[in-house]
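Asker: Here are the chains, one letter per residue:
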Amino acid sequence: MSTLSDLLPYDDAEIYIKRAHHSLRPVGTFRQLLRRPTKLIESLRKYVVGDPVQFIDWKIYARSDQTLLREIKEESSVHVGLIFDVCDSMFWPTQEEALQLSKGVPQKMEIAWRVGLFLAASHLAKGDSLAFGIRTDTELYWIRSPKSKSEVLRFFQSLRESHFVTSLRERVTSPRTLDRTWILSDGLNGIVPVPYAAKIRTYIHIMASLEIDISWLDDSFSYFDNKVLPKDYTSSALLPVYSQKLSEWQRQFKNEVLTQGLKYLQVSDSTPLELFYRDIGSNGQL
Amino acid sequence: MDNFNFSWTSNFFYTALFGGLGAFLWWLVRIRFRSFRLPILRVLDIPSAELPKLRTTPPPWIPYLCFLVGFLCLLGLTLKPSSKVNDNAPVDGQRVLVVLDLSPSVSSVITSLRYQEVFSSFVDTLDGKSILSVVRTDRRDAIVGENHKAVKDAIGSIDFHSFGTKLGETLKHALSQNDSYTDIVIFSDKDAFSWSDLNWKFLASDRKISRVELGNVSQRDNFFVKDLVVQSAPDAKVMEWTVGLGSTTAKGNQSVKVSVLAGDEVLAEQRTAFEGGEGPVSLSWPQSKLNSFEGNSLRIQLDVNDGIAIDNLFQVSKQFVSAAALVVGDTGGERQLEDPSQALISMLELLGIKVERRDQATADSQKVKRSFVINWLGSHGRNTCQLGEPKTSHHYWLIPETIGAYSQVCDCLNKIELEAARIASLSGAPSKVAPSTPIPCSTLKSPEEWSAALIQHNFFQMGGQLGSSAESLALRGKVGGIDVVAFQIPFTPLAGIPHGNWPMLVKAFVDAENFDSSKNSWHRIESLFDMEDPALISSSNVPYRESALEELSAKDLPSAWNWQSHSSGAVIQDSDDSDPLPWIMSVIKIVMVIFVVEIGYGVFSRLKLTMLAIFFSLVSMKSEGALILSSLSPHPLNMQDLSKSLESRTSLSLDPNARIYPKLTSAALKEPWLFVNDPTSLLGPSGAFLPELEGWIRKGGILILQADTPLFQLEKFTSEGFISTVKKGSWRPIAPDHELMRSFYLLDSLPACEGAAWQEYRYDGRTAILAIPFKLTSILSNTPESVTCSALNDKERLTRVVVNLFMVSLATDYKKDQIHLPEILKRLR
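Chains A and B, in that order, give the protein sequences. Per our numbering, the first sequence starts with residue 5, numbered consecutively. Per our numbering, the second sequence starts with residue 1396, numbered consecutively.
Wrong hints could be hidden among the right ones.
What the hints assert, rightly or not - A short, non-exhaustive set of chain A residues, derived as facing chain B with CB atoms under 8 Å:
hint	residue
1	Val245
2	Ser247
3	Lys249
The set of hints was computed from the structure by calculation and includes no laboratory data. Here the structure is a predicted model, which means the values were calculated and not measured. All C-beta atoms, glycine included, are put in the ideal place defined by N, C-alpha and C.
Could you put together the complete structure from these sequences and hints?
Answerer: Below, the structure is given as structure tokens:
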């Protein structure tokens, strides 16, 4: 069964996505059926030497032998922000750690990129404009986002080549407005604050399957996390209480997310694709 | 651990060793748990208290350094006793008590001049750092001073005493004055007598004790007076003494001159060639020589060159030969016959006291110079208070004749007091003693009141149970300045004290009197601090054991003082219990043993389990057994078909070959069942069953008769055949609800021919004998007999019957058996 670790930006999920496309979706304060970005002519002016030649409207030149420049105003239906949490826990398990466990599980960051780029591609398909935010422990900055599906694919390809580790892209200025934000985080550092009053905000809570099911615990290891308070546990100490404590935290975290007016969706590398498509496509999320 | 040496090197070594051991253990523990990062733990609220903390994280440095310093201080303090031992010299401000043993035995090993030098050099090694106290065994007070030179001067010259104050006595006195000494240094030889009352190991538990060796006592021979026996009677004209000589040597022919001196006058002397060991010397002189002697003591002088010079002079109290007592007491009849006065006189004479007896006190009897006046007092009017003029130099013993005669004693006491007051007023001398109120003798009603009245007059109890003055032997005190012992009990067996004990008691009373102590006694003093009069000390003799020069071995003595403590850092043994290292070593040993046992047990238990697993996997013992059909018939039976059929239907297996017994033997009666074709073969010559068969049936055997026998005949068999209780059974046909019909297969009827019925003989609630009207075994065997009856051709039916029969014989009516009922009910609930 395919899981989220096999998710591609373009997928046979198109059918679900298409269905979603036909549903009413919110733009600003109203819903409209707008499926393509418009490229209306903003203005025409005479060519001045030094202007980029690709903006010359050659059709007008053919008709009237005049070199006129066409300045295009791009419009999109929705400004979408995808904010990736890149704190250290998102890069768990690292390759060495996965080797130690001899388990081929993807990092949470890989799932975040896969889900994020899938959402990006879907949004681009609907004529939305994108902004990629990177949230580190200290700051939130924005990187150049893909403008087209092919760019999404190239980005995805480069990520896959670097095992989803690097996200080095040039920084851009912050977007002026965001109608819709997706926050992709594992929630271990709390809810990522986003300084935009988007109408719809969705928190995609990314978890590793190794965190959900800890039957892989080995008694020859001790388990620790020294981020907040140095603690060590043995598997015999963890196993009896872990699942209860985890579900407690999940419930509490979800409540917190919902209280802040965000939608909540929890995924992991073991989430079946079908389930993901259903959840992401339903309720007008996309 | 006696020879456990300590140095800083070894301390460092042990610290490093333990540190290394700790690190190794840490590593062992650490390597078991490789750590793995699990970030989700930061949000899960899992209590960490119950979990082991294994990861090393850099410590918070300031608290850690504080801890480290604290730990090192603790370590230092823990090892402090060892370090204290290393540092032998007393440090600043320590209080050092020096005990100078000046007993006679020391004089045999060191001269007083040399002694002084040794002490002086000892004080020099202390370097003036500590507070020094010096106590000598011949003085009561310690000399204390921080100025060591002043102490040295205050000690003055060192000379040896003759009395027997031991080290323990001196030290006890010194420590009772001040207990804050940290070091005790004892100057002494190895003489056993001096050390005999000192438990220095006890003292060493909280202070350091060392000893300055003055020399070996066995270096020189010593001659001394061991004992003196006065052979002559106290009033004899010629005094005969036997002086027992002792020596520490057994060799040689030493010439010893023994002389008895009264002042400067030689009473007798004799030179003897002394062989060594022990030996007597006899001396005699006329007693008239003593009449002019006014001194207090006679002396026995040994003229010999030996180890201890002091003990060559042995002093004897003149009292020993001239003490006198007056006993006033009339027996009223035969004197010698059970006369307590006479008994008392004998006892006193044994003690060397001359005794004069008078029935009545006369005027001349009072003039004699005596020490004791003993007056018997009774209620018969014979013995009244007859003391004449009481003198302060006399001791007065007032003894009641009977237990209840205390009122006479009381009157006599009052009389003594009156007389004393009168004499005092006559002489015109101011009375030293305040006049006290006379005891109201007439009002005394019981010994308790009597003793209470005496105690009010400052009498004290002698003998008896402590604090219970009414049960005392006597009460002693002064009346008008005169020493009086008022006895509570007469010297008769009536008092409850047997005759045999009286001599010892009288000796104790005489000793307690001290004979006007300061002048007339001689002692071997053992405690300086009980003596009130210093004059006694000079008149005392050297204790016997002191002269005998017994020696202790070095292990019974404290360690020797180390003179080179400053330079060499040499070691003095410390006591075991103040040193922690033996304990630490013990703990380590225990831990090692636990470690080995733990690992050993782990390996062994795994080994054991493995062996058990191998054993059980290889040796799988199936619980199985086969039935063997046993038959009492002349023909062999091959039951192969039945066997196969039985194995395929049930879990039973049957041996294909039946056991055939031609006759009823004891072997046949060991079988659980018997198939019998001819019932008559079971009968003995008298027509009754064989008695063994009866017992076999009683024990549970099942007899299967395979013959068409009529019921009356069967009844005849059992009624005549059985003799005992088995006879009480009864024959009945097999009912349709019989266990044979349902024990395995449900049968509607049993096969039979021509209306013949299966019969059973029921005994003890079970089928004991089953009568089958045909030969079942031979029909079912591989070589069957031919049968005419069609019912018997149905082999399937017969097999079913046989299966049921086996089941019944194996389990009887197990469906009636309610042994499993509780379990079944439990399951149903």
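Asker: Please go over all the hints and tell whether each is borne out by the structure.
Answerer: Status of the hints after comparison with the structure:
Interface restraint check: valine 245 of chain A against chain B, minimum CB-CB distance 6 Å, threshold 8 Å, status holds. Against a cut-off of 8 Å between C-beta atoms, the interface hint on serine 247 of chain A is violated, since the closest Cβ of chain B lies about 10 Å away. For the restraint placing lysine 249 of chain A at the interface with chain B, the shortest Cβ-Cβ distance is roughly 4 Å, inside the 8 Å limit, so the hint holds.
Of the numbered hints listed earlier, the single one contradicted by the structure is hint 2.
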